[in-house]
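Q: Sequence:
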Amino acid sequence: GVSVARREFEQQMEIVGRTRHDNVVPLWAYYYSKDEKLMVYDYYGQGSVSSMLHAKRGSNRIPLDWDSRH
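Once you know that position 39 of the sequence shown is 39 in this note's numbering, the rest is easy, because the numbers rise by one and skip nothing.
Careful: at least some of the hints might be erroneous.
For each label pair, taking beta carbons as the anchor points, the in silico distance ranges come out as [claimed, not checked]:
1. Leu64 - Val2: 35 to 45 Å
2. Thr19 - Ser50: 17 to 27 Å
3. Lys37 - Leu64: 18 to 28 Å
4. Arg7 - Ile62: 35 to 45 Å
5. Ala5 - Pro26: 16 to 26 Å
6. Asp67 - Ala5: 32 to 42 Å
7. His21 - Tyr43: 13 to 23 Å
8. Val4 - Ile62: 37 to 47 Å
9. Val2 - Ser68: 39 to 49 Å
Calculated pairs, EDC-like style, for lysine to aspartate or glutamate (alpha carbon to alpha carbon, straight line, at most 20 Å) [what the hints assert, rightly or not]:
10. Lys37 - Glu14
11. Lys37 - Glu8
12. Lys34 - Glu14
13. Lys37 - Glu10
14. Lys34 - Glu8
15. Lys34 - Glu10
Keep in mind that the hints were calculated from the coordinates and are not lab data. Nothing here was measured: the structure is a model prediction, and the numbers come from that model. Idealized CB from N, CA, C, for every residue including glycine.
All chains should be built: construct the whole structure from the sequences, respecting the hints.
A: Here is the structure:
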């Protein structure tokens, strides 16, 4: 049968796949295997979400405060 972990991953991907919001990149596809889990999104050249939130890219970057994140 299908593992609990796989079922949970697929349920989460279904939720992410249905999410429509201006600030959320749409999910195109996903892949699950024992060794890796992949999610396919459009490419956005502004850098990673982590670098945007924590200002890790470039010395002139300012981390986003909580008000800006909403």
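Q: None of the hints should be skipped; say for each whether it holds.
A: Each hint tested on the structure:
1. Leu64 - Val2: 35 to 45 Å: Holds, since Leu64 and Val2 (Cβ atoms, about 38 Å apart) stay within the stated range.
2. Thr19 - Ser50: 17 to 27 Å: holds (19 Å)
3. Lys37 - Leu64: 18 to 28 Å: At roughly 27 Å between Cβ atoms, Leu64 and Lys37 fall inside 18 to 28 Å, so the hint holds.
4. Arg7 - Ile62: 35 to 45 Å: At roughly 41 Å between Cβ atoms, Ile62 and Arg7 fall inside 35 to 45 Å, so the hint holds.
5. Ala5 - Pro26: 16 to 26 Å: Roughly 24 Å apart at Cβ, these two residues keep to the hinted range, so it holds.
6. Asp67 - Ala5: 32 to 42 Å: holds (36 Å)
7. His21 - Tyr43: 13 to 23 Å: With Cβ atoms ~19 Å apart, the hint holds.
8. Val4 - Ile62: 37 to 47 Å: holds (42 Å)
9. Val2 - Ser68: 39 to 49 Å: holds (40 Å)
10. Lys37 - Glu14: holds (14 Å)
11. Lys37 - Glu8: Roughly 12 Å separates the two Cα atoms, so the pair holds.
12. Lys34 - Glu14: Answer holds: Lys34 to Glu14 is near 19 Å, not above 20 Å.
13. Lys37 - Glu10: Distance of about 10 Å is within 20 Å: holds.
14. Lys34 - Glu8: Status holds; Cα separation ~14 Å.
15. Lys34 - Glu10: holds (13 Å)
No hint from the list above goes unmet by this structure.
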